[in-house]
Structures are given as structure tokens and as C-alpha cells.
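Q: Going down the list, the sequences are from chains D and Y. For the first sequence, the tail end lands on 113 under the UniProt record's numbering, and the numbers increase by one without skipping. For the second sequence, the tail end lands on 358 under the UniProt record's numbering, and the numbers increase by one without skipping.
What the hints contain is simulated information worked out from the structure, not anything from laboratory work. Heads up, none of these hints are tricks.
Heads up, simulated PhoX-like pairs for lysine-lysine below, C-alpha to C-alpha not over 20 Å straight-line:
hint : chain 1 : residue 1 : chain 2 : residue 2
1    : Y       : LYS313    : D       : LYS35
2    : D       : LYS35     : Y       : LYS307
3    : D       : LYS48     : Y       : LYS203
4    : Y       : LYS80     : D       : LYS53
5    : Y       : LYS21     : D       : LYS98
6    : Y       : LYS307    : D       : LYS53
7    : D       : LYS64     : D       : LYS109
Computed from the model, here is a short list of chain D residues facing chain Y with C-beta under 10 Å:
hint : residue
8    : MET31
9    : ALA75
10   : TYR97
11   : TYR102
12   : SER107
13   : LEU112
Note that the Cβ used here is the ideal one computed from N, Cα and C, for glycine as well.
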Amino acid sequence: MLENEVEIKNSDELLKTVEGLKNDGYRNVTMICLKANEGHEFIYVFEKDYQLKNLRYFLKPGEKPKSISGIYLCALLIENEYQDLFGLTFEGLAIDYKGHLYLTPNSPKAPLA
Amino acid sequence: MTTVIPFGPQHPVLPEPVSLKLEIDDDVVVGVLPSLGYVHRGLETFINTKDFNQTTYVCERICGICSALHGITYTRTVEKLFDTEIPERAQYIRVIVGELNRLHSHLLWLGLFADGFGFESLFYECWKYREEVLDVAERICGNRVIHSISKVGGVTRDLTKEHIDMLLKMCDSLETEIKNIEKVFVNNYTVKQRLVGLATLSKQVAYEVGTAGPTLRGSGNAIDVRETPDWDIYKDLGFKTAVEKDGDCYARTKVRITELLNSLTIIRNAISKMPEGEIEVRVKGFPTGEAIMRTEQPRGEVIYYVKGNGTKKLERLKVRTPTFANIPSLLLMLPGVKLADVPIVVLTIDPCVSCTER
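With the rest of the complex left out, here is chain Y:
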């Protein structure tokens, strides 16, 4: 006989409200039904009241963690609509701030994850390191989480020598710190006992069910939007997709730790190759036509679609966020998992409900 119990929308391990109706047999999950809608803000409708430049700031507020990458993706999509090439220096600045976003998002996730399986000191450690990234982001952009660095036609702020010195110093100290926490996440006996073999998603299923980001790469699929020809700047930045084959919670964790180290490499290389010059071009007129563009957020690929009708307001904006793509995988990962492990499995997709409910 099975019992249905609610998990969320308010739960100690969930930073944001998502509800799962879990069908339990003894203490094993046999079925799951996700329920959304607790924080839906109707931003895709709201942009009909804003012009296409103001919409950048609306998009940045879709998510407080990957805000810069939302802004960057939106502006890249509108620039594609205008068929505009932005200055190379602006592209590098976008990459650097985007990777800062990835660093603080992954460190936040690792902390929450450690807290999820009861490792409090590791949680504090990860969040302490995240503060270093936020401090640098604040000095560069003026804000800690809503960076507002990207605008249609380029970026809002240039990097000074002081910023670059600060970034390089941060990369050096973070590298040591990340390697320290990596030892715990990867080698600690208790952590491995909780994660290895838990909620395995095969390579084929992860691909077919449309997962994105570390969930997809943790199952052996080497797919990272930073490798697309659309975002060719990454090919010169020593970037190598992080992949793990096992498809379990442990693999998804390892992918994120490798990505932290990758981000440091990308930032260092971007600084060394960044040319001098302008940081924006003027974009004139009102957008017409349609465009799709995607970038790799910390949680996976985000896809923006815009349709312009020749007025200052967009006719349609559609955002597909990575959590939206990863929620269906929970339908396949959770059955067979014990009730006590449900929070860990849910956390491994790094759910961002504010992204999901634009």
C-alpha cells in the first residue's frame, strides 16, 4: 500500500518553494508529481510594458544568482536581432563576469548541498569562499548579485587595472580553497556514502529527457553551450567541458567542482587575452524579426527567444531556463530512492525556482 506525502514547498533544504507530491511505499519513493506556481511573476508579460533596453534589467531579475548571465543572454539575443557585432573587449568582460556568476553560484550550491546532508562546517566554508567572489563582483559591477554589466551593444563598465589585479588575486586564493573543499566532497567517506550510486541517470535518458548543465554532463554527455560556434570567444580560453560518467549525485557534484576550477582558468586566460579598446557600440532603431540565442548558465543552458515588431517594445520574450529543463528528470531519478535521500537528489539538479517561474 502506498502513501502520498508532500515534500515542500517549504522544506529546510529547499531555498525556494517547489512542491513534490511523493508516493511512498514503506520508505521508498515509487512516484512523484512536481507542483510549481508559488512564486510565478509573469515577467514575460511584464516586458510588454518596457522598451527593449529596459527589458535587460527585467531579465536580470529573473534570478538573483545567475542574473548577469540572464542579462548577457538577453542582450546577445537582441544584438543578433540587430545583426550587431559588439567590441571584443566587451565580449571578454561579459565572459569574466559570467564566470564570476558561475563561481559564486556553484559555491553557493556546494554550501547548500553540504548543509543538505548535514555537513555544517563545509557549508560555512563554501559560503565564505563565495563572499570573496561577491566582493570582487561588487567592486567591478557596483552590485553584489544584480550585476547589470551587459547592455544592448556592449557592457556598462570597463575593467580597470585595479579590477584586474583583484581578479587575479581572487583566482589564486580561490584555487587553493577550492582544492581544499574538493578533497572533502570527493574523498570524504561519509559524503561518498551519501552520494555514490544515488539517483543514477543514464547517459541516454539524461539526453532524451532534455536535462541541461551539470545534470546532463554528470551523466556522461559532453554538452556545454560555451562550445557552440555562437559563442566562439571561449575556444581561445582554455575551456574544456567537465564530464563525469556515472550519472549519480556524486558525479553531478564532481562536475560542479571541476567547473569551478575551469572558471578560474577561463578568467585568467580572458584577462591575459583581453584587448584594449571600446566597450560598446551604438545600436540604433527598433528591433524587427525573431532571434534565438543560448548561453551556459551555472545550472545549464538558458535559451532566449525574442520577437520584435519594429516598435520600441518587444512583441514576445520567451525564456527557457535550465531548472525548467531539469525538473522532468526528477520524475525518473526519484522513484527507487529512499525518503531520507529525496532532499539530496532534488538539490543535485540545483533547483532555481525563481528562474523556472519567470
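Excised from the complex, chain D in its bound form:
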């Protein structure tokens, strides 16, 4: 458990919370993806006044994650990274490299999955 952490239950709540954080003046710092219970766990990291705020969201197996790049444009790179490394498919990505941000066609597929 990280400090200042909020658990998010579903993708709609995630988008709503992220939008609220943007309105409150938080900046998007990064996002961490972990394997958990056959699915994936995301930790979204935001920052304001040198304080980090973490949102933890569990993505069920087979579920498609929703992109937050429509709210924070800068999230597009990290979401594309996880498409490459974990084989995920984000819905609504501002720029979709379709699993080829880092990986070439003959690279290993989803090496962190």
C-alpha cells in the first residue's frame, strides 16, 4: 500500500476521478502496471504541491482498460508502453502505436505479460 492511495472500483469511476484531479490542478506523473490475480493492477500517479496521489485500479482478466489520454494527453506514451510490454489494448488512446512504440514486428510479444 502506497501513501495517499485511493482504490478505484471501475473504469467509469477512474475517468471521473482523473478528470476531477485535473480540475483540482494535479499533474499526471506516471502510471505503473503490475500483474495481479490473472489480471492487471494499475497505479496512476499524480502530483500537486510536491504531494503524490496514487489511484489503484484492478483490471479484471480480459477487460479492456480505458485510456486517460483524452484527459491528460501525456498519458499516451505510458499507455502505449503497456500495450507493448503487457499486451493490453487501451480504448480511446490519443495516438495508438498498436503495440509498436518500442517493439518491432519480430520482437518478443508482450515481454512483461
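Position chain Y relative to chain D; hints supplied.
A: Just chain Y now, kept in the frame of chain D:
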């Protein structure tokens, strides 16, 4: 009618491979798509084969320029996981080596930048001064760029009186030299013609698009991780965040020059306040839980996340580097810029592709 032309991955001004697909109308950029992946090394996967102590050395090899700060950030994150306080002297040594890293990184960048707009003699001058820093770093750490000064629980080497004398001498000579090159970068007519008003990023946009380091501070945001409560040692070292308001290439350059002078102040103050004593504590056991820690690298804030599962190997390491945070800002800075100015704008974020592609 627009044309798409490739910029990079091999380009005379780019020290490392990043490719930009530029959409050009006449000679003005109207769209840009960055393309990465030329040097991706999979280090976040590689650490699964190493124990948490060996991972320090893997992290240092993420980047050859800010290697010490990668090592320092990683070890601070693992120490947070262990809830370990390291000796005060070790903290000061980390700060001094970290600032040496900043000095040689900024001098390298200023040289490359001068070369980027065709000022060859200024390029040589900046790199000549960088050599002085590297020589001192080599005497202190044993290596010029991969310093390996930080270890979980403290530092690997102590500073001797000879090292301290050398550091103080370097600070004195560099101060004069930096003030000389500052005159050129800040006052030279040709340099100003190339930089002032170029690729302006407003305060609000720089903040919202998640930029870091001098790119963020050059747009008027006084955000520097060295001011966080997490790294409280800096509050006694006469540190003041360098900020410029204009948000253009000129402002980003001025921020870096001010930071060079700040680093000298920090090193001098750290030497005067550094206590005697131990330089490490023993850290026992294997890490469990999660921790996030960040520090201010020359290019901006770097963020480390580690997850330990009670074995000697970490379950997950995640590194967010400053260039990774600054690349999206190119999508907003480049449109409207002339093709001939693209190299300068790209250089002002100080791109480090090996950091980006861990």
C-alpha cells in the same frame, strides 16, 4: 498541401536515436509523431534475474549521463522499502556526487546545443569545462561516468581531504568559466536571434502536459523535486529553484545556466556542513511491499517504483524518466516552428533516449 518528412533517428544534432515524423506545410511544421524503440533494452525485465543489490548497478546503466542519480534514486527507494535511515555523511556525499552529475550533464547539453546552432567554439569550450568535472568525479568515484557511489544503506566511498580540496578548487574555476559562457548564451545577438520566442510553451500547458525539469521551469513553474520534504537535506544547502517565465528555447537555456551556478553553491555548502561519521548502515533481509521515490535529475524528475515480495529479487521495478515526460511536449511545441529550427527545439528538452528506452 503537406509533406511528411522523417527527422532522425540518425541526425547530426541528435546524440541518440529518436525519430520524428514531421508533417510540413511549405517549411513550417504542422504536425509531429514521435517514434521510439531503436535502443530499447528491457532493463525492467532484466532486473528479474538480479538481486536487489545488483539492481543498483543495472539502474546506473540506464543512462550514462545521469548514472549516479539513477543509482541514488533506486537506493533511496529500496531504503524507503526497508524503512532505513542512512548516515548523514552518506546523504551529503550523495548530494555532492548528484550535483557533479548535474554539472557535467548541463555542460554537455550546452555544448551540444551550441553545436546544434553552429557555434563550434562554444561547443568546445563547454565540453572542456565538463572535463574538469569528470576528472574530479573520476578521482572521487573511480569512474568518469558510471560513478557507482550509491549502495543500499549508504555510499561505497568516503570523501577524503584531498577530494574536498579538489572539489573546492573545481568550484572556483568553474564559477568563472560558467560566467564566461553565460555571457555568450545570454547576451550574444546571434544566439538570441535563434532562441528568443522559439517554441514557446505556456506555464499552464507545460504543467498539464506533464513536463519535467528545465522544460517545466523554463515555462514559469517553480517545481523542483529537490524541494520535496522527501529530500530534506537540500533545505540547508542554499538551494533556490531556477525559474524563467518566457517558456521559449532561450528561457530553457537560461534555466540550465542558473542551475550550473546553483550546483556549485550546493556543493560548497554541502562540503562545509558535511559531518564526520559512518558512510553506510547494514541493511538486512529481503524487501517486501511497495515504495515510490523521486529525485531531480539534470533533465527533470525521475520516479522509481519498486515492489518487493520477500525474496532477494524485486517483483517489479518501474522507472519514469524525465525525457519520457518531456516527449509529449514536443507534440505541442513543434507545430508552427520552421523546419530549420526543429533540431534546436528538440534539443531544448535535452532528450536522453537511453533513459526513455530502459
